[in-house]
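There are 2 protein chains.
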Amino acid sequence: MEPGDAARPGFGRAARAPPRRLLLPPLLLSLLLGRGLRVAAAASASSGAAAEDSSAMEELATEKEAEESHRQDSVSLLTFILLLTLTILTIWLFKHRRVRFLHETGLAMIYGLIVGVILRYGTPATSGRDKSLSCTQEDRAFSTLLVNVSGKFFEYTLKGEISPGKINSVEQNDMLRKVTFDPEVFFNILLPPIIFHAGYSLKKRHFFRNLGSILAYAFLGTAVSCFIIGNLMYGVVKLMKIMGQLSDKFYYTDCLFFGAIISATDPVTVLAIFNELHADVDLYALLFGESVLNDAVAIVLSSSIVAYQPAGLNTHAFDAAAFFKSVGIFLGIFSGSFTMGAVTGVVTALVTKFTKLHCFPLLETALFFLMSWSTFLLAEACGFTGVVAVLFCGITQAHYTYNNLSVESRSRTKQLFEVLHFLAENFIFSYMGLALFTFQKHVFSPVFIIGAFVAIFLGRAAHIYPLSFFLNLGRRHKIGWNFQHMMMFSGLRGAMAFALAIRDTASYARQMMFTTTLLIVFFTVWIIGGGTTPMLSWLNIRVGVDPDQDPPPNNDSFQVLQGDGPDSARGNRTKQESAWIFRLWYSFDHNYLKPILTHSGPPLTTTLPAWCGLLARCLTSPQVYDNQEPLREEDSDFILTEGDLTLTYGDSTVTANGSSGSHTGSTSLEGSRRTKSSSEEVLERDLGVGDQKVSSRGTRLVFPLEDNA
Amino acid sequence: MEPGDAARPGFGRAARAPPRRLLLPPLLLSLLLGRGLRVAAAASASSGAAAEDSSAMEELATEKEAEESHRQDSVSLLTFILLLTLTILTIWLFKHRRVRFLHETGLAMIYGLIVGVILRYGTPATSGRDKSLSCTQEDRAFSTLLVNVSGKFFEYTLKGEISPGKINSVEQNDMLRKVTFDPEVFFNILLPPIIFHAGYSLKKRHFFRNLGSILAYAFLGTAVSCFIIGNLMYGVVKLMKIMGQLSDKFYYTDCLFFGAIISATDPVTVLAIFNELHADVDLYALLFGESVLNDAVAIVLSSSIVAYQPAGLNTHAFDAAAFFKSVGIFLGIFSGSFTMGAVTGVVTALVTKFTKLHCFPLLETALFFLMSWSTFLLAEACGFTGVVAVLFCGITQAHYTYNNLSVESRSRTKQLFEVLHFLAENFIFSYMGLALFTFQKHVFSPVFIIGAFVAIFLGRAAHIYPLSFFLNLGRRHKIGWNFQHMMMFSGLRGAMAFALAIRDTASYARQMMFTTTLLIVFFTVWIIGGGTTPMLSWLNIRVGVDPDQDPPPNNDSFQVLQGDGPDSARGNRTKQESAWIFRLWYSFDHNYLKPILTHSGPPLTTTLPAWCGLLARCLTSPQVYDNQEPLREEDSDFILTEGDLTLTYGDSTVTANGSSGSHTGSTSLEGSRRTKSSSEEVLERDLGVGDQKVSSRGTRLVFPLEDNA
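Protein chains in written order, with the UniProt record's numbering: chain G, 1 to 709; chain Z, 1 to 709.
Note that these hints are calculated values from the structure, not bench results. Since the model is a prediction, treat every value here as computed from it, not as a measurement.
For identical chains, the list gives no copy identity; a pair is met inside one copy or between any two copies.
Cross-link-like lysine-lysine pairs, in silico, DSSO-like; alpha carbons within 27 Å at most: (1) Lys-441 - Lys-241; (2) Lys-325 - Lys-64; (3) Lys-249 - Lys-64; (4) Lys-356 - Lys-95; (5) Lys-441 - Lys-238; (6) Lys-441 - Lys-249; (7) Lys-64 - Lys-441; (8) Lys-356 - Lys-414; (9) Lys-238 - Lys-249; (10) Lys-414 - Lys-95; (11) Lys-249 - Lys-325.
Generate the whole structure from the sequences, applying the supplied hints.
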């Protein structure tokens, strides 16, 4: 069952990068058009005089074709929707019967695959209805063409270049063409809601507590992984050249590009199982945070690699200037997109704070949606990356705006983006399944594929283990071996790698990368995704943890090095040990940003210097004075790596026979102490210094092999 | 300030119906494309050898253009989003300050207008960047063209025909072109959520109680209105011909078409004020029901008129065969679309009933969304009208599926469609404002416009007053004069009329219709919308009514003809007077459809004949046996025209000084009697026969001119 049968290496040779800007996304597009044409052409036909009968007839014919085409588009889109419906029903069945070996995304891929097979082998290859006409011109290809047909002028737009060998096969299989989307649909329509939702659901203090490690994994890790995979693949490509298996150019930059796109991990399957089993929250935060941020890094990294263009004739030698330009582009795009996202988030927070919009949840939700969307457009308009901007906008919205929203809007916005994310994600995965058989330019090279599998394994290992080692030097709350193995194992590839790979399939090298990426996604989602539950059990990772509570001070997963001293002393030590940069950020955020952007935090009149008195009074919301006492717990995210470890905790013992006992030790905070507003004091309180009653209990956790409940 | 300055009548002459199927919706589309191209072309450039340098440079140039274009698209869409954001903030301000003379849609139009003026007069008219190349061919225009440029082949697609005079002005003002959407965007993207939401929020027993009248207004009324407006406009056109003001053909069918599109009322402004002031629920039901259904009627009617094509040379004489064919098309499309919508709704109801999907609100919401969307596609794929199908799907979903959803999914689906509806509606209205100045083919004819205003006034009068008279012959619960005046007054035109008018602007007649429709929408939304509150007061229409309660038996609005006999006797009479067709439907719905499709109603085992025992047991949900006692009030919609008039009621007296007193007389239903399941008994109960304690109070309502609260 070789998916690329019709697309052997030699085939792709002549397909050069077409100006894809002008390729239509046939399905979505023609859905926008098509219909109603009946009205148009018929009307024109009826308004024409008898002399114009023949032209009216012609238009009617075109009309009929258009209508037929619109009908086919509806059928194609309907196919996708029924596919998703089927997926939803099967997911329900799986969830209902507690089947965990196959995630919804894997399921969507399987259904997509089945439909792809049917479309490929079940439908007759219809030859293009449109007769093509050749006319010769001398100059370069224009994007607009005017054609004079017996006195009437028609406007044509450039669709792309066609390799000479393919001229007769244009539109050979209409149905396969119909179900092929323009790759930019993924970047401009489907990825933004997925990424925004990821950012918007990052509001977990466990994320901020592990922020340092997450940033290290995301930035350093992705760079290391990209570099290692790129180099290994270059070796594979050299080998293929020696073996004579390579029929076209494959440069070092191509290999690095492959390294960048395949470094975007997407452990959606693993995280879904973590969520369901309530697995360890710190591991969840590490994995989720890494995967969210490394998507952004991978996008920007891949564009930077593409932007690497040495001067001179030899465009593939190393050029320091071009290299630094690429690094500059990386930093520029990343920081620009970050700024765009943060600024829109901040503006939304200010708008929701200073208007009483929360009386009208519908308006509030609509505003929130529009502002978040405008981030994407703003970033694209400024030449930055919309998807990255949307991610940081989501994080900012969750951190600030969310607090200003009415209770109804909070759930509305969450649910809205949840649905959009769900639909978009499953759509992408079912499209992946479909693409394996319907994509027309597969280049299936076994050596490259095997090499890629080895390379991504080594790339992930070379990034997780050494980085964890160095991070553990700094972390008091160490990342245990079982956590490292689990992170290593969770290197699934998903929507982002696919979207990056399908974005450009013009050259032979890119086609090979696309096919390989597709197979890697399939393998990792099905095999690794399915192996998550046994792996969790095998690695002795705690499950059944209440995500709002902290892990016990010492358990199997975390290797706390020092002895169990009195907790108050440890709290003090924690405070001193936490990195100064986070303490700085925390106090800045708590003293200035939170009060300016939300209704919480200490009044600015107390935190700002006296000479800013007027400004402070304007910016401080009146609610702060009232609410000062019951400082909302949800707002006080802890950004220290291990600060509030001893504040409250709870864990459960789950044994193999499925019986579970949950023990929760909660600590009551004495509200009466909550009057001072200095950040140091709040920090101390957050860290559990002082008046906490702490009980500590060591637990032995055995993973349930089968949930009998 | 003549908006059509640059588009004088003569101008439109040569613009013949282009095969609009192939016109791009520039904004949406190029957002899908564009970006990432940087990656594509740059990659191709870097993979090319030195010999290919020139072609790479060429591609880079195309690339730069594409990128620039994508950036412009983002800016354009951003403009719309900022416009909507501004609208939302201003709406909030208006709601906050209780300003009622301007509705959000009117506001959106104003902002659109301002941006339109800026775009039109503020931006320089850039000449097209793309050099155009003419090459002559002999045959008809193909939709695909292959062009040989020095050995390389490029594929072009047909974009449309261009009038010879315009060849040099193609892409004259890039910015104006950018903000022009393909008309089909309205039908395929923006209208479906609006219409679905209307259908989904129709679940009001007042709607079903007035169903007969609503159907009469929607079907007969729209047909009458269309015919009268069409004939009056034909007179106007004849007059214009005599005056020499008509520069191109304008047939009788065109006039009828105009009558059809302009008969779609959209009293969104009026209904919003009704909602806010809690105006009379029956009047609300009549207006809302009429406007929802007459949209559907107007769409199908307009396509039927377009489909009217007499045989023979004289294509504009009356032809009985063609006429009956048109009637057949009307009935076919309408009933087909209705069936599609109802069937998808029923399937969704069955799926949600027989799976335990309600344990997973996200899955349930996603399924609901996908199924509702698939209605649209299914109808389009079968050649029916998607928008009409979506309407009936919404009604079915509200009537059956809604009862099977979990509590969370109910609010989720409602909120999801509420947001989509809100965004789509305000987008359309702000686009209308924009189109007045940016649309390039306005034909501004004062005589036609004045004639149209008179015609729509007369058309509405000729439909409301006579129909109300005939309906009042049958209704016991008469539609009073003040209600009739209010309905006459509420004949606003909105999104649907606009969408139908912009769908085809190829011929001179259609362009004139479009300009006129736009002005009618502006006038009605601003002037009539703003006059709603004074009009309500002037007509003495009750406000401050609890929508869940019934009007008092006799007040100013309803002219109950017979004397005030004992209520139980009246109830009995009511029961006998109600139309047999509704009684039939009610008992069928209550005994069979509700139990089959939802968890409510009597068990099928009691309503179906004994020989269907097995089937009945399979279809009846176990909950029915448990829930039989507390029959949910929300499920028992009353489809009788005036049945439960005396069940409960409440009204409030609002006086001009702003003080309001609300008196509610509630009637407790004795649950203990609710054991029998025969539909007759339920009907009797619903009608308030028997054990109701009714107190009646005549009230005098004075509308508050200013809300001081």
